[in-house]
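Asks: Here's the letter readout for the chains.
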Amino acid sequence: MSADYLIKKRSNTLKVLLGLGFLSLAAAFITEYDPVTGLISGLDALRWVATNFYPNEQSLTRLPSIINRLRETVLMSIAATTVAAFSATFFALLGAQTTKVNDALRLMSRSVASFLRNIPAVAWAMILLFTFGQSSLTGFLALFFSTFGFLTRVFMETFDETTASSIEALTATGASYMQIIFQAVLPASLPQMISWMLYMVETNIRDATLLGILTGTGIGFSFALFYKSMNYHAASLVVIVIVVTILVIEYISNHIRRVIL
Amino acid sequence: MQREQSLAPLWQPKVRPRLGQHRALNKPLDKGTLFMRLTMATFLALTVLAFASFDYQGINIYNAFLGTIDNFRVLMLSPQLTHFSLVEAAEGMLITLSLALLTTVIGAILALFFGLLAAQNLSSPLVSSLIKGGVAFIRAVPTILWVLIFAIAAGLGSVAAVTGMAFHSVGYLVKAYSEAFEEVDSGVIEALRATGASWWQIVCQAVLPTAQSYLLSWTFVRFEINFVGALAMGAAAGAGGLGFDLFLASAHYFDLREVGFITYLVLAVALVLETITTQIKVRLRVQT
Amino acid sequence: MSLLTVKGVSKHYNERIVALSDVSFAIEPGEFVVIIGSSGAGKSTLLRCINRIVEVTSGVVTFDGLDVGSLDKRELRKMRTKVGMIFQHYNLVNRLCVLENVLHGRLGYKSTWAGALGIYSEEEKAQALRVLRLVGLEEQVYQRCDQLSGGQKQRVGIARALLQDPKLLLCDEPISSLDPNASKVIMDYLKKINTELGITCLVNLHQVHVALAYAERIIGVKRGRVVYDGLTEHLTAETIHDIYGSEAGDLLLGSGGNHVG
Chain A
-5 MSADYLIKKR SNTLKVLLGL GFLSLAAAFI TEYDPVTGLI SGLDALRWVA
45 TNFYPNEQSL TRLPSIINRL RETVLMSIAA TTVAAFSATF FALLGAQTTK
95 VNDALRLMSR SVASFLRNIP AVAWAMILLF TFGQSSLTGF LALFFSTFGF
145 LTRVFMETFD ETTASSIEAL TATGASYMQI IFQAVLPASL PQMISWMLYM
195 VETNIRDATL LGILTGTGIG FSFALFYKSM NYHAASLVVI VIVVTILVIE
245 YISNHIRRVI L
Chain B
482 MQREQSLAPL WQPKVRPRLG QHRALNKPLD KGTLFMRLTM ATFLALTVLA
532 FASFDYQGIN IYNAFLGTID NFRVLMLSPQ LTHFSLVEAA EGMLITLSLA
582 LLTTVIGAIL ALFFGLLAAQ NLSSPLVSSL IKGGVAFIRA VPTILWVLIF
632 AIAAGLGSVA AVTGMAFHSV GYLVKAYSEA FEEVDSGVIE ALRATGASWW
682 QIVCQAVLPT AQSYLLSWTF VRFEINFVGA LAMGAAAGAG GLGFDLFLAS
732 AHYFDLREVG FITYLVLAVA LVLETITTQI KVRLRVQT
Chain C
637 MSLLTVKGVS KHYNERIVAL SDVSFAIEPG EFVVIIGSSG AGKSTLLRCI
687 NRIVEVTSGV VTFDGLDVGS LDKRELRKMR TKVGMIFQHY NLVNRLCVLE
737 NVLHGRLGYK STWAGALGIY SEEEKAQALR VLRLVGLEEQ VYQRCDQLSG
787 GQKQRVGIAR ALLQDPKLLL CDEPISSLDP NASKVIMDYL KKINTELGIT
837 CLVNLHQVHV ALAYAERIIG VKRGRVVYDG LTEHLTAETI HDIYGSEAGD
887 LLLGSGGNHV G
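Taken in sequence, the protein lines are chains A, B and C. Residue -5 is where the first sequence starts when you use the working numbering, and the numbers rise one by one after that. Residue 482 is where the second sequence starts when you use the working numbering, and the numbers rise one by one after that. Residue 637 is where the third sequence starts when you use the working numbering, and the numbers rise one by one after that.
Derived by calculation from the structure, the hints in this document are not laboratory data. Do not take every clue at face value.
[What the hints assert, rightly or not] No more than 35 Å apart at the CA atoms, straight line, and that leaves these computed lysine-lysine pairs for DSBU-like: (1) A/Lys3 with B/Lys613; (2) C/Lys803 with C/Lys643; (3) C/Lys803 with A/Lys2; (4) C/Lys761 with C/Lys643; (5) A/Lys3 with C/Lys761; (6) C/Lys643 with A/Lys3; (7) C/Lys709 with C/Lys761; (8) B/Lys512 with A/Lys9; (9) B/Lys762 with A/Lys222; (10) B/Lys512 with A/Lys222; (11) A/Lys2 with C/Lys858; (12) C/Lys709 with A/Lys2; (13) B/Lys512 with A/Lys94; (14) C/Lys761 with A/Lys9; (15) C/Lys643 with C/Lys858; (16) A/Lys2 with B/Lys762; (17) C/Lys803 with C/Lys761; (18) B/Lys762 with A/Lys3; (19) B/Lys762 with A/Lys94; (20) B/Lys613 with C/Lys709; (21) C/Lys714 with A/Lys94; (22) C/Lys803 with C/Lys827; (23) A/Lys3 with C/Lys858.
Input sequences plus hints: build the corresponding full structure.
Replies: Have a look at this one:
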């Protein structure tokens, strides 16, 4: 019996791994992905990157225009985050268990958030392209919708986790709904909310790059332009600029988090 | 696109604000409050600046909004396939899911290995910080750029898409895994060292069983992200699958109803994936 | 020949923190020795220097004729199999069952991969069940460790150490996280292991009265130095005061007091 238990456990693990292996093989077959080619070309690509994908002197002349495009992307990401955070706060208050007004509104706001969140930003961009064309607003709105859905969910969780007990205490003193929200819920949740906003800025900059490629705006457009004209030195400069930006923002965010949390 | 959605409740809140803290109100201006206000002010100022500097391309915003609402109604109320058959759409979905699965599996295997080497309690400080620095760099580059960079050498297609996305997945999962490993009680590791166990034995017998449910949870979160990613790579890098269909329907055929149908399909799968991930997390919380 | 000799051992964590300075003693086979001292006196570091979980700064530890400091990786693993260790916080893998945790005691004897994959022989499993019966856990063999009480967890810890077939058992504060009843049970098991199985025990204890009740010989440690080494009955109240400083009054309350003087 002792033998049975350990052997059974091991054979269960083995079964799961085999199942996963089989699924992966099926996936490789469906997508015509050959792992060996994948590995070889992956290494080839890295070698190619090391020998060709670096900025040269000439590409540096593009830097001002790249920075300009980057500014557009960063601002768009921040604006989408800010506006989404304001709307999400409202929806999250309606949707959180501890701060809900009534169950109907709660269900409604949760559904809206879930709906918006689960439509990928690419799909949003493809929809918005019809009416907003290649303006900055396409990217902004696509980022806004998905950020809004995401922040509503995490804000709801934050409200539920940080304030359950203090609401009870304040309700007992006879405070009104608005008083409770502004005196207890928001102040207690604010550090966490800011932390999530910082996180979204970072994510949005990366997503905005992709949207930029699709909608022809911002830093993504710069990259696509150089990439398609095979100006890889300039394209590599774009990558470096993005990496530096993200790392700097990550650093600042972590610093702010350390102080406020 | 790496919308790192549902990693939410696990990823960042390490320090939680204490219950019912009225920091912003009762206390004099401490450093935390000051930083919060500065951050909020910066957010607001940059947002205003953003709206002022947007490239509106002379579109009529009011009309565009009305148009969007109109489009949205068509999109949502009368979804319909015209250029693709249902079988083709299902096939596209299957390809997208397969891309996501392959990427996640390859990423997870590599990340397991590098995650162990990156965990401070299992590795040397030098190796750990080298790997952590490396993956921070990999993470900072948007997935689409990795895919396009790999596509230069490998050509557009599943190879470039999987390799590029796996690259980003490794960056993401190494961070998540190594943090899960670092949470393993150092006493347990010490106890096994004291029995004469070797590094691999400690890893397989103590570290992995302890971190197992976290690893599983993170991997599922990453699968969710990779699904959205695979969709985006189809649209932006021609990696095939439903993403490419979406791109064609929108930017090529200008067919709102078809975009609507594909959106519904994506929404349905995304909701299923989200439910699975949430369930895993709920179970994880019950267990620990 | 002594089973264990510690000669001139010092441990400096950095210039300022000195955990041990010039510690020397010898342990004969079959002894039951208790090390007492206040928290932070260096007791834990001392035990960990013996099986080289902590490297000494200077000095020599000899176990069973081997110079512990000069062993290479493989020899060290082999030496560690002969030294069982028991911890204050039990240090079990909570997500595994009792049997699996006990079998960890065999890891040092196995090839890396057999151990890593958890492949144990029938003989080893039978031995594990025998040891579990010895510590009264035959009912809990397949229970997950996080479902056990503190006393039960410590008995799993003892079983794990016993499965190593050790010559020496190092016990680091084995009862500090336990209630008085469970403490007595654990100390009785340790004593029984010492007298019936003839395994030498070196036990760190914070509680003087327990030390006085169980030890044949006591080593007193204060600020990293040995200040007393002798038979239990020779230990005076004065020395205890010296070892513990002002804490001593509290520690001597209760049964311990009778043994002194």
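Asks: Are there hints from earlier that the structure breaks, and if so, what are their numbers?
Replies: 4, 6, 8, 9, 10, 11, 21, 23
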